[in-house]
Amino acid sequence: MQGHLNDLQQRAQKKWEQLEGEALTVRIGTPTCGRAAGALDTLQDFRERIEKEGVEAHIIEVGCMGLCFAEPLVIIHKPKSGLPPILYGFITQQHVQRLVEGFLLGDDPCLELALGTVEFKEDGTPYIPELARFEIEERLVLRNCGYIDPLDIGHYLARGGYLTLQRALQMEPDAIILEIERAKLRGRGGAGFSTARKWRGCREIEARPKYLICNADEGDPGAFMDRVVLESDPHSVIEGMVIAAHVIGASQGFVYTRAEYPLVIERLKVALSQAREIGALGENIFDSGLSFDIELVAGAGAFVCGESTAMIYSIEGKRPMPRVRPPRSVERGLWQKPTVVNNVKTFALVQRIMEQGGERFSRIGTVGSTGTAVFALAGRVQQIGLVEVPMGTSLRKVIFDVGGGIPEGRRFKAVQIGGPAGGCLPESSLDLPVDYDSLRQAGAIMGSGGMICLDENNCMVETARYFLDFLCRESCGKCSMGRLVTKQMLLILEDIVKGQGTEADLDLLAALAHDVAEGTICNLCSSAANPTLTTLRYFRAEYEAHVKEKRCPALICRELITYYIVPEQCERGCDHCVLTCPTEAITTDERTRRKRILQDKCVKCGTCLDVCPPEYRAVIKVSPPEKVKELEKAAGG
Amino acid sequence: MTGELLDSYPAQRHSLLRILQAVQQTEGHLSEEALAAVARHLKISAAEVYGVATFYNQFRFIPYGKHHVVACLGTACHAMGGQLILDAFERELDVKAGGITGDHEWSLDRVGCIGCCTKAPVVVINDVIHARMTPFKVEEVLAVLGFKKSKKEENAGAGASQ
Ligand SMILES: Cc1cc2nc3c(=O)[nH]c(=O)nc-3n(C[C@H](O)[C@H](O)[C@H](O)COP(=O)(O)O)c2cc1C
Ligand code: FES
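Here the protein sequences line up with chains A and B, keeping their order. With our numbering, letter number 393 in the first sequence gets 393, and the count goes up by one each step, no holes. With our numbering, letter number 120 in the second sequence gets 757, and the count goes up by one each step, no holes.
With the rest of the complex left out, here is chain B (with noise of 0.2 Å):
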């Protein structure tokens, strides 16, 4: 997969961060392998890009869930409250930012703004920007999406009824 895609790409090492971006756009993440097959295309050694890729933001390193999230931490959203949303997804989700539920149904992440500054708080679903949110709010979106908790909790939840 990565062979071909890569083929595409002429080998200059001005072309590293768009074959980078076109790899995880295709693949999900960055692997070890990936990273490797992009090396020797460019004919660069693997730590150089490696030392490329982790410095930015936008590389994931592990797979993306199906349901990705990204909550906004930009001064906007910020000041709007954009860190009890974080606080809301993380404690819903059982992940911290950064991370994916067990499942690899779900994974978390955070960024530095959107643009959509004007409706913060924001958190970008899958693409799908939701504007000014809040914690309850949290719920009720990921209830839409189709999250359930954990079974372990469920049942916690069920025998303390009992």
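This is chain A alone, in the form it adopts within the complex (with noise of 0.2 Å):
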């Protein structure tokens, strides 16, 4: 059985060196960001273009390399021209045929649509040396993501895969778990527990059978990291769960995912029958005598089952409500039984911390951290993507350098860390470097990689009522605490930005957010506390313009502001606005063909300051919504 691995990884390692040394070969990232940029129409376009032009290219699917804003990403080899592989970015349908014709079937690398080249580190590790960002990034969980067929997992095998495992599988447990405690691995869904001590907590346990869970719930709206490792390279969070599996004394596994992504579902489908076909998963793998599989589930849409007591109860066909712990779940967990959950890019680090070493792993990041974090950079940021980097880089890079900074020159505000229970924190705040512990004592949270960029047209009270309103919703209503207190500040925060609030409800908020941070069950409602203190503690003044002046400083709070044309930067010929306002709310003087809105009937959906030509830019919010008489009344009527 041992032979058989290693003959499997022999063939798919010579056909990848065949593909890689000779064949002209056309990657395409079609995971679920590529496709809503129009990938699947890129590809559709290459595959009939190579067909009708009888050109011999291999087209590959893979998934993303993180480089989300650049989308469709296309990476096109061409060993014959002697040139490295060559990335390209924005390619809809439109570059498809220049790319054929031009170094396809012909010798014009095309360069002026390319982003850079794409090297090999000592690893394997694709980088990018053109893109200043893969000098700050290291990429340990996101190594193949975006150069390897996910739906082949001969790929894998090729740069090694499943070798680690077959190692591991004749190593002591025990000694399994000291590599991992060398590495000082810490979980990555967001609590940042050590994994070897949850480990160690559950192999002592004798009850079985065990069970061992990935959490693939990704609930924090704004982040997708999980997302893109399972559509890019699921194996190796596969291979990570049996090494754990073996550790842990596991017969049986989940997945637990998101129905929000059927990509991930579809692509990790394929991912387990192909680890089965190969013996990596099923009855006594390669010949070690451990029997594990895994099964899928498809969670139902709420954010609570990403905790892992509700994930367990949800698994169970229960309603998910969290319980209080203990006992643990590695004591009594699905079933009752010992369970351990897992991130998914925890199983990920395993697995190279197992095939790396432990050591390595340790010296990279911080004392307290180590290792890497990755971030779904999003929101106001110029390169929406995804970003892995040392444990202990500051923010600022992370966002300036790595994401680009803030589009169109505005200024940045804030960033948001951590999903709904992390915090908001300032620009005095940058140069943090984020681990777990700095991040904890700004008052955010490391969380499980979430990081959305604010700024100066992001309002922060507006802000912490959307993260109360969506805590709220998502809140189980098990402890009254929870149910209670999370809905009061609801309330308040929605009279300060209808401009109702007043200068106690501030103090007032703030007693409601260290109350529940004390008195709930789960971390769900308890963290509701962070973006609401967070906000209070480094943007006071925009609370207290919104409750002493009624007015939004970020003109965004839509009780507070007015939309007002500006009668000497309106062009009078243009009628975008007039054309495009959906209630007819902007009327033209017959004399003068200025614009003016009918304040009764707009609705303040921004359509007509979105269409204001950019030269004119006649189109206004102001705050307090009053001011708009006295500049109707300045401009004479």
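Among the hints, a few may not be true.
Said to hold, decoys possible - Calculated lysine-lysine pairs in the BS3-like style (CA-CA distance at most 27 Å, straight line):
| id | chain 1 | residue 1 | chain 2 | residue 2 |
| --- | --- | --- | --- | --- |
| 1 | B | Lys786 | A | Lys601 |
| 2 | A | Lys604 | B | Lys786 |
| 3 | A | Lys601 | B | Lys703 |
| 4 | A | Lys601 | A | Lys550 |
| 5 | A | Lys604 | A | Lys548 |
| 6 | B | Lys733 | A | Lys498 |
| 7 | B | Lys733 | A | Lys601 |
| 8 | B | Lys785 | A | Lys601 |
| 9 | B | Lys774 | A | Lys604 |
| 10 | A | Lys15 | A | Lys80 |
Said to hold, decoys possible - Residues of chain B clear of chain A, computed beta-carbon distances all greater than 12 Å:
| id | residue |
| --- | --- |
| 11 | Leu642 |
| 12 | Ser645 |
| 13 | Ser652 |
| 14 | Glu664 |
| 15 | Ala673 |
| 16 | Glu685 |
| 17 | Ile722 |
| 18 | Thr738 |
| 19 | Gly739 |
| 20 | Arg747 |
| 21 | Gly752 |
| 22 | Thr755 |
No lab work stands behind these hints, which were simulated from the structure alone. Glycine included, each C-beta is placed from N, C-alpha and C at the ideal position.
Two independent chains are provided; combine them into the complex using the hints.
What follows is the structure in structure tokens.
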């Protein structure tokens, strides 16, 4: 059986070398985000043109490289040209013909469409030397993402896949725990609990059977790291899970993912069956005596199911309300049996650690937080996408050097880290190193890796209201503290954004936030304190403007703003706003042809502001709303 | 219909979520009869089944429209103006999130992130993702999909212009 894997591996490697050394390949990223950018059309077009022209090229569908801002992404490798693989960005259908005729058929590598070349580190990790971000990034979890075909286990095998598992299966479980301990691996699901300690705790318990759960629920709105890993490199997670199963003695595993991620489900199903085919799952894995299989469970859209005790109820088919701990899940989890729950990235990192050694891993990052952190960078930032940096890298580096900063010259205002449970950190915190402990001190948390940038066009009070609204909707309703206090906080914030808040409300809000942080069953509701307290702490002036002057400085809160067309700036012949206004709220003065907004018809959708040509910029927002009357008066009616 | 479907799942509590998903997939929503049938199949009370089903956002107790619109209000989409997009759909379709138009053509829902945050704000209509939406694009997308404002409004519009 051992020989069997080595055979497979050698064959896969040979095929891979042929593919990489001789064949003309076109890699197209078709993860969910790529699809939204039109990658499937690009793919289809490449297929048709290549067939029509009779070019001998392999089209490979790959996952996400993390450069989501430039999707659809295409990598073309033409060994005959003597050039390394070239990465192209923004390749929508209109560019396909150019690439096919220019590079596939001809000798022109179409450099005007290229983002850079793909080079490989010693361990085979691809990087793009032309993109400065790769100097800061260190890719462990994302190592294979966007370069290998997630639906072809051969690609994974060719890069040494499952050999680590084979080796680990011959090790004593305690030796593996020691290696993980040497790496000082902390769970990537948010809390940062020591993985070695969790596993040892479970290993020491006698009861059988034992279960293993991979937490791929990723309920954080605004986060997509786990989705990308599972869509792009599912086998590294499966391999990590089987290693864990061997350590704790689990016979059955589950991957619990979200129904909102259909592509993850589709790709995982394929990966699981391929892993079974090569004997990495099932009976007597690689002749080691371990029997272990993985079942895929699709959640049904409840944020709280990411919490481990709720997840366990969900798998059991019960109403998923978290319970008080102890007992911990490692003692009494799924069907009352010992259960280990770990995050997707934790398993992927276990695979890397067992491959490269715990010592090497522990040298990356900081003393308290080793290894790398994966962030999903989104919101108001240029290079939206996935980022993997050593722990301890400063927020500034991640947002400005990797992410390219805030678009259109606007000012950075805050970064929201850690999902709804996290906090909003201001400019003055940008030099904080990202690691579990520094972030917690600042009032945020590492979370599982969502990082949303906010700029001067985001209102922090409205942002706090948004998180409270989210948590209130998702609160399971089991404990009264969670149910009632979050609701009360939401009501207060709703008042404030409508201009009906008072100064006393701010103190009340802070007091409630401190209460809720103390008295709930799980962290869903207690974390409602974080977004509220951090915004109050760092952006108090914005709150005060709302309650004292009934003004929204960011010009976002609908009840506190009015749209206004500056007559001097309105180009009379242009009718953009009139034609696009959904409620016909814009009139044209017959004599001057200037436009004016009928305030009682305006629904404040912002379309006129979007469509007003940038050279006129005649549409503005004003706050407080009454200010518009002064402006109209000054303009003479 | 539900009977045959149910028989293909073992009568284990562990299968409940999967069964509910399958029923919704084939019937479009979870009717009272379907919930009762699921309860009989698993030999648990209908209240238990209802308790689980209502906990999750994915399950619907009224049918979908022919076009099902889901507006994302996750953090990234919200930060990029997702609320304005939902507002625009509510206004154009004249239904609230969770509702369906009188002719059963259009239903509207909200979701808390589909993992496509890099293209925020996004909307999913019958499984197709529409990226970087604006309120204006809402009208365009609806027009392309054949949405017509209700007769009443058209008449009102016609009346006004006469
Ligand atoms: C409300 C709530 C939501 C959570 N969501 C997730 C999630 O989406 N993914 C995740 O891995 N952990 C989530 N967690 C943390 C898990 O409970 C658990 O700590 C984690 O999966 C353990 O894995 P780790 O040790 O590998 O970090 C959540 C916790 C809470 C309280
Ligand atoms: S926040 Fe809308 S897709 Fe993630």
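A quick look at each hint next to the structure:
| no. | hint | in the structure |
| --- | --- | --- |
| 1 | B:Lys786 - A:Lys601 | 18 Å, holds |
| 2 | A:Lys604 - B:Lys786 | 21 Å, holds |
| 3 | A:Lys601 - B:Lys703 | 31 Å, violated |
| 4 | A:Lys601 - A:Lys550 | 22 Å, holds |
| 5 | A:Lys604 - A:Lys548 | 23 Å, holds |
| 6 | B:Lys733 - A:Lys498 | 21 Å, holds |
| 7 | B:Lys733 - A:Lys601 | 19 Å, holds |
| 8 | B:Lys785 - A:Lys601 | 21 Å, holds |
| 9 | B:Lys774 - A:Lys604 | 16 Å, holds |
| 10 | A:Lys15 - A:Lys80 | 18 Å, holds |
| 11 | Leu642 | 17 Å, holds |
| 12 | Ser645 | 17 Å, holds |
| 13 | Ser652 | 7 Å, violated |
| 14 | Glu664 | 16 Å, holds |
| 15 | Ala673 | 17 Å, holds |
| 16 | Glu685 | 8 Å, violated |
| 17 | Ile722 | 9 Å, violated |
| 18 | Thr738 | 17 Å, holds |
| 19 | Gly739 | 20 Å, holds |
| 20 | Arg747 | 9 Å, violated |
| 21 | Gly752 | 4 Å, violated |
| 22 | Thr755 | 4 Å, violated |
In the structure shown, a violation is registered for the earlier hints numbered 3, 13, 16, 17, 20, 21 and 22, in ascending order.
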